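Numbering-wise (the working numbering), the sequence shown opens with residue 23 and increments by one.
Check the hints yourself; a few may be wrong.
For each label pair, taking beta carbons as the anchor points, the in silico distance ranges come out as [as the list claims (entries may be wrong)]:
| no. | residue 1 | residue 2 | range |
| --- | --- | --- | --- |
| 1 | Asp248 | Gln413 | 27 to 37 Å |
| 2 | Thr349 | Glu405 | 15 to 25 Å |
| 3 | Phe464 | Ala53 | 48 to 58 Å |
With a cut-off of at most 25 Å between alpha-carbon atoms, the simulated DSS-like pairs for lysine-lysine come out as follows [claimed, not checked]:
| no. | residue 1 | residue 2 |
| --- | --- | --- |
| 4 | Lys85 | Lys183 |
| 5 | Lys292 | Lys442 |
| 6 | Lys246 | Lys217 |
| 7 | Lys370 | Lys319 |
| 8 | Lys333 | Lys85 |
| 9 | Lys451 | Lys411 |
| 10 | Lys370 | Lys333 |
| 11 | Lys333 | Lys451 |
| 12 | Lys451 | Lys467 |
| 13 | Lys475 | Lys451 |
| 14 | Lys445 | Lys333 |
| 15 | Lys183 | Lys344 |
| 16 | Lys411 | Lys370 |
| 17 | Lys212 | Lys246 |
| 18 | Lys344 | Lys246 |
| 19 | Lys451 | Lys292 |
| 20 | Lys442 | Lys333 |
| 21 | Lys467 | Lys442 |
| 22 | Lys333 | Lys246 |
| 23 | Lys292 | Lys344 |
| 24 | Lys475 | Lys370 |
| 25 | Lys183 | Lys212 |
| 26 | Lys292 | Lys319 |
| 27 | Lys411 | Lys333 |
| 28 | Lys467 | Lys445 |
| 29 | Lys411 | Lys445 |
| 30 | Lys85 | Lys319 |
| 31 | Lys475 | Lys445 |
| 32 | Lys183 | Lys217 |
| 33 | Lys445 | Lys292 |
| 34 | Lys344 | Lys475 |
| 35 | Lys183 | Lys138 |
| 36 | Lys344 | Lys333 |
No lab work stands behind these hints, which were simulated from the structure alone.
Source: prediction; values computed, not measured.
All residues carry an ideal CB built from backbone N, CA and C; glycine is no exception.
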Amino acid sequence: MFRNTARCLDALFVIAGGLLAHGMRFSTPIALSDTERLLIAFNCVLVLLMFPGFGVYETWRGKALPSMLLRVAAAWLVVVATALVLAFTLHRMDAVSRLWFGYSTLISGALIILTKCLVHVGLRSVRRRGMNFRTVAIVGAPGFSRTLLAHLDRAPQAGFKPVCVFDTSIEAAGTYGARLNRLPVLTDLKAFAAKVREEHVNEVWLALPLSEEHTIYRFTRTFKHDFVNLRFIPDVRSLSLFNHALVDVVGLPTLNLNATPISSPQMWPKLIFDRLFAAAALLALAPVFVALAIGIKLSSPGPVFFRQTRKGVDGQPFAIYKFRSMTVHHEAHGQVTQAARNDARITKLGGFMRRTSLDELPQFLNVLLGQMSVVGPRPHAVEHDDLYKDQVYGYMNRYRIKPGITGWAQVNGYRGATTKVEKMETRVKFDLFYIHNWSFWFDMKIVFITIFKGFVGRNAF
23 MFRNTARCLD
33 ALFVIAGGLL
43 AHGMRFSTPI
53 ALSDTERLLI
63 AFNCVLVLLM
73 FPGFGVYETW
83 RGKALPSMLL
93 RVAAAWLVVV
103 ATALVLAFTL
113 HRMDAVSRLW
123 FGYSTLISGA
133 LIILTKCLVH
143 VGLRSVRRRG
153 MNFRTVAIVG
163 APGFSRTLLA
173 HLDRAPQAGF
183 KPVCVFDTSI
193 EAAGTYGARL
203 NRLPVLTDLK
213 AFAAKVREEH
223 VNEVWLALPL
233 SEEHTIYRFT
243 RTFKHDFVNL
253 RFIPDVRSLS
263 LFNHALVDVV
273 GLPTLNLNAT
283 PISSPQMWPK
293 LIFDRLFAAA
303 ALLALAPVFV
313 ALAIGIKLSS
323 PGPVFFRQTR
333 KGVDGQPFAI
343 YKFRSMTVHH
353 EAHGQVTQAA
363 RNDARITKLG
373 GFMRRTSLDE
383 LPQFLNVLLG
393 QMSVVGPRPH
403 AVEHDDLYKD
413 QVYGYMNRYR
423 IKPGITGWAQ
433 VNGYRGATTK
443 VEKMETRVKF
453 DLFYIHNWSF
463 WFDMKIVFIT
473 IFKGFVGRNA
483 F
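Assemble the whole structure, with the sequences as input and the hints as a guide.
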């Protein structure tokens with residue numbers, strides 16, 4: 023019913039756009055030409071035929087609004103382009119006003135997109151109030167089930183209401199009356215299936231590890247005659263995933279485990295922000311650069327900048343820039359001695375720069391060159407990479423994205439020397455959390471925390 027109404031509205035908006043465009047272009051009473059009528063008819067038919075193929079009328083429940091609106095916009099542009107081709111084929115474009123065609127395309131497209139946006143926002147508001155929801159039963163171990171329930175609690179606008187949990191853990195066998203987040207926990211499959219059927223549960227989410235194929239088969243077999251949506255949400259918490267999206271590879275559904283993400287429009291704001299912020303920082307800090315350069319030259323002989331090879335995205339090496347904070351010295355090949363408290367190699371000015379992170383400022387040059395990002399996991403010395411990659415699980419996954427000048431680990435106090443494996447493990451956990459939960463606004467949060475809190479650290483010396 024709702025989809026048919028949406029289709030009729032979209033067709034009406036095509037007609038309305040054509041009529042309004044005619045009034046704007048000719049300022050005369052509505053009297054469309056035969057060619058204009060033909061194009062409007064083409065667009066109406068194509069909207070009804072092609073929009074379903076673009077998934078415009080699929081449920082938007084739980085999906086990101088921007089991506090869905092982009093899909094609608096793309097579908098409308100394809101409809102308009104197809105109508106143009108048909109009109110050219112029939113040699114009817116000579117009688118069409120280009121201005122009218124442009125107006126009608128913009129007006130109809132705006133009406134279609136704006137209406138869908140308003141409907142989506144309205145439904146989100148209704149679902150936050152506990153209406154228009156779909157009931158969900160979750161199957162999985164308590165740990166991952168609790169994670170899913172937390173996600174649902176944080177997204178009431180999606181309109182999913184959990185009603186029960188089926189505990190698949192071995193230790194759950196024989197337990198009765200248990201509850202998880204105030205929801206009943208079942209351990210008997212027959213009782214679970216009966217509850218799903220009696221309460222007409224809309225969806226069953228199988229939150230299981232990839233190895234639980236036999237369990238997945240049990241549930242698909244149990245509900246093979248029921249009109250309940252079965253969804254498999256793989257429990258991959260034991261894997262340090264970066265881009266854990268389901269993608270299409272040569273027509274096959276593929277779950278990325280350790281795959282570098284393809285650059286997408288979602289990353290454009292980060293790329294643009296990096297270059298603009300780095301350029302602005304270098305211009306604004308030019309007097310500071312000059313003052314520090316003079317101070318470094320006066321404090322000890324040697325170059326102003328210190329260059330060291332680090333790994334960038336996908337492990338590609340690059341030369342990182344820092345202000346030199348130590349006296350010039352030489353170490354054995356393959357050995358890097360981390361700075362320690364009261365380190366004799368550190369100059370007085372160098373100690374101040376390291377405590378306040380001023381020695382990191384030249385890395386804005388690396389950002390401007392595209393080798394680093396403003397926010398991301400801090401790159402470590404190559405020798406430290408070789409040391410920790412076999413000791414800290416998921417360590418090398420930090421290099422699936424560009425390293426940063428500041429990061430989630432640094433604003434949480436994990437900066438400076440890492441003398442113990444445990445410290446590095448904690449730092450890596452923060453880095454992987456950032457990677458798994460990345461968003462442009464998460465970057466902005468880290469930048470603001472760094473500006474107001476993160477420049478000075480007790481662990482930096």
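To see whether the hints hold, each was checked on the structure:
The beta-carbon spacing between Asp248 and Gln413, approximately 49 Å, falls outside the hinted interval of 27 to 37 Å. A C-beta distance of roughly 20 Å is found between Thr349 and Glu405, which places it inside the suggested range of 15 to 25 Å. Distance hint for Phe464 and Ala53: a CB-CB separation of about 55 Å, consistent with the stated range 48 to 58 Å. Among the hinted pairs, Lys85 with Lys183 is consistent with the structure: their alpha-carbon atoms are about 16 Å apart, no more than 25 Å.
Simply put, Lys292 and Lys442 have alpha-carbon atoms about 33 Å apart, too far for the 25 Å limit, and the pair is violated. A C-alpha spacing of about 16 Å is found between Lys246 and Lys217, which places the hinted pair at or below 25 Å, so the restraint holds. Taking the CA atoms of Lys370 and Lys319, the gap is near 12 Å; set against the 25 Å cutoff, the hint holds. At roughly 35 Å between alpha-carbon atoms, Lys333 and Lys85 are farther apart than 25 Å, so this suggested pair is violated.
A threshold of 25 Å between alpha carbons decides the hint, and for Lys451 with Lys411 the separation of about 14 Å falls inside it, so the pair holds. As the CA atoms of Lys370 and Lys333 are separated by approximately 29 Å, the hinted pair breaks the 25 Å bound. At most 25 Å may separate the alpha-carbon atoms for a hinted pair to count; Lys333 and Lys451 meet this at roughly 19 Å. Of the pairs offered as hints, the one joining Lys451 and Lys467 holds, with about 18 Å between alpha carbons and a cut-off of 25 Å not exceeded.
For the hint linking Lys475 to Lys451, the alpha-carbon distance of about 21 Å falls within 25 Å, and the restraint holds. Of the supplied pair hints, the one linking Lys445 and Lys333 holds, its CA atoms being roughly 20 Å apart against a limit of 25 Å. A hinted pair counts as satisfied when its Cα atoms are at most 25 Å apart, and Lys183 with Lys344 does not qualify at roughly 52 Å. Taken as a hint, the Lys411 and Lys370 pair is broken in the structure, with Cα atoms around 34 Å apart against an allowance of 25 Å.
Only pairs whose Cα atoms come within 25 Å are accepted, and Lys212 paired with Lys246 is accepted, the gap being roughly 14 Å. As the CA atoms of Lys344 and Lys246 are separated by approximately 62 Å, the hinted pair breaks the 25 Å bound. For a cut-off of 25 Å, the pair hint linking Lys451 to Lys292 stands: about 22 Å separates their Cα positions. Our distance criterion of 25 Å between C-alpha atoms is met by Lys442 and Lys333, whose separation comes to about 21 Å.
Between the alpha carbons of Lys467 and Lys442 the distance comes to roughly 29 Å, so the proposed pair goes past 25 Å and is violated. Between Lys333 and Lys246 the alpha-carbon distance is near 50 Å, which puts this suggested pair outside the 25 Å criterion. Taken as a hint, the Lys292 and Lys344 pair is honoured in the structure, with Cα atoms around 23 Å apart against an allowance of 25 Å. Of the pairs offered as hints, the one joining Lys475 and Lys370 holds, with about 23 Å between alpha carbons and a cut-off of 25 Å not exceeded.
Annotation: proposed proximity of Lys183 to Lys212 holds, straight-line Cα distance about 22 Å (limit 25 Å). For the suggested pair Lys292 and Lys319, the alpha carbons sit about 36 Å apart, so the restraint of at most 25 Å is broken. Under the criterion of a C-alpha separation no larger than 25 Å, the hint pairing Lys411 with Lys333 is consistent with the structure, at around 13 Å. With a CA separation close to 24 Å, the supplied pair Lys467 and Lys445 stays within the 25 Å bound.
For the proposed pair Lys411 and Lys445, the alpha carbon gap of about 14 Å is at most 25 Å, so the pair holds. Restraint check: the Cα-Cα separation between Lys85 and Lys319 comes to about 56 Å, which exceeds 25 Å; the hinted pair is violated. The suggested pairing of Lys475 with Lys445 holds, with an alpha-carbon distance near 21 Å, which does not exceed 25 Å. A threshold of 25 Å between alpha carbons decides the hint, and for Lys183 with Lys217 the separation of about 15 Å falls inside it, so the pair holds.
For the suggested pair Lys445 and Lys292, the alpha carbons sit about 29 Å apart, so the restraint of at most 25 Å is broken. A hinted pair counts as satisfied when its Cα atoms are at most 25 Å apart, and Lys344 with Lys475 qualifies at roughly 21 Å. With a C-alpha separation of about 24 Å, the suggested pair Lys183 and Lys138 falls inside the 25 Å cut-off, and the hint holds. The hinted pair formed by Lys344 and Lys333 meets the criterion: a straight-line CA distance of about 15 Å does not exceed 25 Å.
Hint compliance for this structure: hints 1, 5, 8, 10, 15, 16, 18, 21, 22, 26, 30, 33 are not met, and every other hint is.
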